[in-house]
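J.: Residues per chain, in single letters:
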Amino acid sequence: KAGVTQTPRYLIKTRGQQVTLSCSPISGHRSVSWYQQTPGQGLQFLFEYFSETQRNKGNFPGRFSGRQFSNSRSEMNVSTLELGDSALYLCASSLNIQGTAEKLFFGSGTQLSVL
Amino acid sequence: AQSVAQPEDQVNVAEGNPLTVKCTYSVSGNPYLFWYVQYPNRGLQFLLKYITGDNLVKGSYGFEAEFNKSQTSFHLKKPSALVSDSALYFCAVRDGGNAGNMLTFGGGTRLMVKP
Numbered sequence: 364k365a366g367v368t369q370t371p372r373y374l375i376k377t378r379g380q381q382v383t384l385s386c387s388p389i390s391g392h393r394s395v396s397w398y399q400q401t402p403g404q405g406l407q408f409l410f411e412y413f414s415e416t417q418r419n420k421g422n423f424p425g426r427f428s429g430r431q432f433s434n435s436r437s438e439m440n441v442s443t444l445e446l447g448d449s450a451l452y453l454c455a456s457s458l459n460i461q462g463t464a465e466k467l468f469f470g471s472g473t474q475l476s477v478l
Numbered sequence: 505a506q507s508v509a510q511p512e513d514q515v516n517v518a519e520g521n522p523l524t525v526k527c528t529y530s531v532s533g534n535p536y537l538f539w540y541v542q543y544p545n546r547g548l549q550f551l552l553k554y555i556t557g558d559n560l561v562k563g564s565y566g567f568e569a570e571f572n573k574s575q576t577s578f579h580l581k582k583p584s585a586l587v588s589d590s591a592l593y594f595c596a597v598r599d600g601g602n603a604g605n606m607l608t609f610g611g612g613t614r615l616m617v618k619p
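Residue numbers (our numbering), protein chains in the order written: chain A, 364 to 478; chain B, 505 to 619.
Be a bit skeptical, because a hint or two may be false.
In silico PhoX-like cross-links for lysine-lysine, where the CA-CA straight-line distance does not exceed 20 Å [what the hints assert, rightly or not]: (1) Lys466(A) x Lys553(B); (2) Lys420(A) x Lys466(A); (3) Lys562(B) x Lys466(A); (4) Lys553(B) x Lys573(B); (5) Lys573(B) x Lys562(B); (6) Lys581(B) x Lys526(B).
Over the 12 Å line for every Cβ pair with chain A, so calculated as not near, a few chain B residues [stated by the list, open to error]: (7) Glu512; (8) Gly520; (9) Asn521; (10) Gly547; (11) Leu548; (12) Gly563; (13) Lys581; (14) Met606.
Computed footprint of chain A on chain B; a stretch qualifies when at least three of its residues, placed anywhere within it, have a C-beta under 8 Å from a C-beta of chain A [claimed, not checked]: (15) 534 to 546; (16) 567 to 574.
Hints are computed from structural coordinates only; laboratory data are not their basis. The beta-carbon is built from N, C-alpha and C at its ideal position, and this holds for glycine as well.
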C-alpha cells in the first residue's frame with residue numbers, strides 16, 4: 364500500500380509569489396491534516412480536512428488556505444509569500460474512525476524556501 | 505487551549521542503557537497522547553498512543569510510555585537503547601472531546617545514542 368505522497372519535494376519561491384502544495388493520502392484515508400515545521404516554532408497545525416470540508420483550523424493568517432477533493436487528495440496554498448513561510452510542510456492522513464484516537468500517517472514533506 | 509512541553513532539547517545515552525524522554529501536557533478535556541519519531545529528511549512515524557486504560561502503553565520498536573495523570577506527564581522509555589534509535593522525538597496531545605485530528609506537538613527532543 365502506497366504511503367502519503369507529497370509533491371513537490373522541494374520548492375524555491377521569492378517573496379510575494381504564491382505556492383500550491385499537493386498531498387495524496389493513503390488509499391481509503393478520508394482525513395488529511397497539514398502541519399508546518401520550522402526550527403524556531405516546531406510543528407504547528409495548519410488545518411484538517413474531512414469529506415472536502417475543513418474540520419479544524421490552526422492559528423495561521425488567511426494567506427494559508429487549503430482544500431480537499433472528492434478523492435481525498437488535498438492541496439494547500441500560500442499566497443503573498445513571506446521569508447518566514449520557509450518551512451517543511453507536512454501532510455498527514457488517517458482513516459477517521461469515529462470515536463477513536465487514530466494514528467496519523469505522515470508524508471515526507473515539501474521543503475519550501477522563500478528567497 | 506492545549507500545550508505540550510518537552511523540557512530537554514537533547515538526551516544522550518549509551519547503547520544498551522535505558523532511556524527516558526520527558527513530556528508534560530496541558531489539555532482541558534481528556535487527553536489523547538502520542539509519541540512520534542522523525543528521522544532525517546523524513547516525515548513523522550507513529551510510535552504509540554494513550555487513550556484510556558492501563559497507564560503503561562507499549563509501542564513500536566520496543567518503546568513504551570507511562571501516563572501519569574497527577575503529574576500530567578507521558579514520558580517515553582526504552583529499557584535498552586540502540587544506536588538506530590537516534591532521531592528526533594515528538595510528544596503530542598489532542599483533546600479527546602474534540603472531533604478530528606488536531607494535534608499539538610511539543611518542541612521535540614533529539615535522542616543521541618552512542619556506541
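J.: Each hint needs a verdict: does it hold in this structure or not?
T.: Cross-check of the supplied hints:
Straight-line distance between C-alpha atoms of lysine 466(A) and lysine 553(B) comes to about 8 Å, which keeps the hinted pair within the 20 Å bound. The hinted pair formed by lysine 420(A) and lysine 466(A) meets the criterion: a straight-line CA distance of about 19 Å does not exceed 20 Å. The suggested pairing of lysine 562(B) with lysine 466(A) holds, with an alpha-carbon distance near 14 Å, which does not exceed 20 Å. A hinted pair counts as satisfied when its Cα atoms are at most 20 Å apart, and lysine 553(B) with lysine 573(B) qualifies at roughly 15 Å.
Between lysine 573(B) and lysine 562(B), the direct Cα distance comes to roughly 17 Å. Compliance with the 20 Å bound is thereby established for this hinted pair. A distance of roughly 9 Å separates the Cα atoms of lysine 581(B) and lysine 526(B); the hinted pair therefore holds under the 20 Å criterion. With a closest Cβ-Cβ approach of about 14 Å to chain A, glutamate 512(B) is found to remain outside the 12 Å limit, as its non-interface label requires. Chain A leaves glycine 520(B) outside its interface by the beta-carbon criterion, the shortest separation being 29 Å against a cut-off of 12 Å.
Separation of asparagine 521(B) from chain A is adequate, the least Cβ-Cβ distance of about 27 Å exceeding the 12 Å criterion. The Cβ of glycine 547(B) does not lie farther than 12 Å from every Cβ of chain A; its closest approach is about 3 Å, which violates its non-interface assignment. Distance check for leucine 548(B) against chain A: the nearest CB is about 4 Å away, which does not clear 12 Å, and the non-interface claim fails. For glycine 563(B), the condition that its CB be more than 12 Å from all CB atoms of chain A is violated, with the nearest at approximately 10 Å.
Annotated as non-interface, lysine 581(B) keeps its C-beta farther than 12 Å from every C-beta of chain A; the closest such distance is 19 Å. Not every CB of chain A lies more than 12 Å from the CB of methionine 606(B), the least distance being 4 Å, so the non-interface label is violated. Closer than 8 Å: that is the beta-carbon criterion, and the region 534 to 546 of chain B has 5 residues meeting it against chain A, so the requirement of 3 holds. Counting residues of the region 567 to 574 of chain B whose CB lies closer than 8 Å to any CB of chain A gives 0, so the stated coverage by that chain is violated, three being the minimum.
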